[in-house]
Amino acid sequence: MSIRYGSLAVLASAALALSAVATFGQEAERKGIPAPPGHVFKTIISGYQFRTKETRALQDDDLENPGFLAVERAADVWKTVDGGEGKSCMSCHGEAEKTMKGVGAAMPKWSEKLNKPVNLEQQINICRTEHMKAQPWAFKSKELTDMTTFVRFQSRGMPVAVKTDGPMSPWFEKGKEIYYTRVGQLDLACASCHEKNNGKFMRADFLSQGQTNGFPTYRLRDQRLVPLHERFEGCMFDVRGVPYKPLSDEFLALELYVAWRGIGLPVETPSVRN
Amino acid sequence: MADKPRIKLPKEAKKGEIIQIKTLVSHLMESGQRKDAQGKPIPRKIINKFTCEFNGKPVFSCVLEPAISANPYIQFDARVDEEGTFKFAWTDDDGSVLTAEEKIALKA
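Chains V and G, in that order, give the protein sequences. Reminder that position 40 of the first sequence reads as 40 in this note's numbering, one-by-one numbering, no gaps. Reminder that position 30 of the second sequence reads as 1030 in this note's numbering, one-by-one numbering, no gaps.
Among the clues, some could well be false.
Stated by the list, open to error - Cut-off 30 Å, straight-line C-alpha distance, at most; resulting in silico cross-link-like pairs (DSBU-like, lysine-lysine):
no.: 1; chain 1: G; residue 1: Lys1008; chain 2: V; residue 2: Lys98
no.: 2; chain 1: V; residue 1: Lys140; chain 2: G; residue 2: Lys1004
no.: 3; chain 1: V; residue 1: Lys142; chain 2: G; residue 2: Lys1004
no.: 4; chain 1: G; residue 1: Lys1004; chain 2: V; residue 2: Lys98
no.: 5; chain 1: V; residue 1: Lys53; chain 2: G; residue 2: Lys1040
no.: 6; chain 1: G; residue 1: Lys1022; chain 2: V; residue 2: Lys79
no.: 7; chain 1: V; residue 1: Lys142; chain 2: G; residue 2: Lys1045
no.: 8; chain 1: G; residue 1: Lys1040; chain 2: V; residue 2: Lys140
no.: 9; chain 1: G; residue 1: Lys1107; chain 2: G; residue 2: Lys1045
What the hints assert, rightly or not - Far from chain G by the CB rule (all over 10 Å, computed), these chain V residues:
no.: 10; residue: Lys31
no.: 11; residue: Gly38
no.: 12; residue: Val40
no.: 13; residue: Pro66
no.: 14; residue: Gly83
no.: 15; residue: Ser88
no.: 16; residue: Met90
no.: 17; residue: Lys113
no.: 18; residue: Ile126
no.: 19; residue: Met168
no.: 20; residue: Leu186
no.: 21; residue: Asn198
no.: 22; residue: Arg203
no.: 23; residue: Gln223
no.: 24; residue: Ser248
Hints were generated in silico from the structure; no laboratory data involved. A virtual CB, placed ideally from N, CA and C, is assigned to each residue, including glycine.
Start from the sequences, fold in the hints, and give me the full structure.
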């Protein structure tokens, strides 16, 4: 009997040690998807997995998630006529739930007409100026971010599926170059944090892989939805660099490249992050 | 405050059942502590009061202070003894009141 108790005690202490390790390094809980061959990561992990359980809970409940306030606002705007043509988004596109499905997951997309890629914000403004003869919305404006969120929300759960070949390949290469270029007084590249050190605890936070599948994302820090290029700007500012302009060719190339780094991840818009 | 509030509660409940009510409303909740780009203080504009009534009787109310973040989310429980209507009201600093109603039925 005494031998049995002894081995039980060993087992119990081993279990204790294991659970201590598991709570300390949260990596064990982080679930990802296997990356395609030739990808930079072995496992692609959404930023969701790096957040606390409270933040995750906020995203998981569609009523509590404050991002849905924007989705509901934009759902009304979708049907509202604006501009000289007397059209709304709905006049051409019909029900967003059907026609916009998958659109957001495939952005940025090549535009034959402009001979360059366009992202969702740009496409919305192209629609407004060319087809509706309405004023374009300013970047960071509530209207543009709401509509971007609404359109991307229609792809929620669908895998990120950007095309990087053909005419997109020079843009992809440009984005890659930006990703690995050190900038600012702190002399850091995107890769310094999000590739080499993701999962580590820094600045009172866990560094994520820097995935874009949740954008525009409701940031608790800002108490509003933040579009992707504003986040890019913020990162460059944080390393004390001079950020590129939102919707510039540089950020567009970076958006394309970073989207590829998260290829296959489900779209989470509107996500909730710190 | 033009946006519709988001409210979640069951459509029906058993007599005497305790139900959970969730509310989320879109509001900037400007604290009055911040300054604009010119250095001028931005005046305070928050929702300062929330009330919930069931068939005219108070169920829950609270006073909100400037430290509460934008888009306040309020969750509480209520016991349902009869069928009726929950009335919700959010009072803004400017005096305007945003209201909403939700009906609940008794399970047979």
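Holds or violated: lysine 1008(G) and lysine 98(V), Cα atoms, limit 30 Å. Answer holds: lysine 1008(G) to lysine 98(V) is near 26 Å, not above 30 Å.
Non-interface claim for glutamine 223(V), where every Cβ of chain G lies beyond 10 Å: violated, 4 Å
May I ask you to check that glycine 83(V) keeps its beta-carbon over 10 Å from the closest beta-carbon of chain G? holds, 21 Å
Nearest-CB test (10 Å) between chain G and glycine 38(V): holds, 42 Å
With 10 Å as the threshold, tell me whether serine 88(V) passes as away from chain G on beta-carbon distances. Since the minimum Cβ distance to chain G is about 18 Å, serine 88(V) lies beyond 10 Å and the statement holds.
Grab the minimum beta-carbon distance between lysine 31(V) and chain G and tell me whether it stays above 10 Å. With a cut-off of 10 Å, lysine 31(V) remains clear of chain G, as the shortest Cβ separation is near 27 Å.
Taken at face value, is the distance from the CA of lysine 1004(G) to the CA of lysine 142(V) at most 30 Å? holds, 16 Å
Going straight from one Cα to the other, do lysine 140(V) and lysine 1004(G) come out at no more than 30 Å? Holds: lysine 140(V) and lysine 1004(G) sit about 22 Å apart, inside 30 Å.
Since proline 66(V) was said not to touch the interface, does its Cβ keep a gap of more than 10 Å from each Cβ of chain G? Check fails; 4 Å does not lie beyond 10 Å.
Pairwise hint evaluation, lysine 98(V) against lysine 1004(G), where the allowed Cα distance is 30 Å at most: holds, 24 Å
Assertion that valine 40(V) lies outside the chain G interface [Cβ separation over 10 Å]: At roughly 36 Å from the nearest Cβ of chain G, valine 40(V) sits farther out than 10 Å, so the non-interface label holds.
For isoleucine 126(V), is the shortest CB-to-CB distance to chain G above 10 Å, so the non-interface label stands? With a cut-off of 10 Å, isoleucine 126(V) remains clear of chain G, as the shortest Cβ separation is near 27 Å.
Of the numbered hints given earlier, the model fails hints 5, 9, 13 and 23; all others are met.
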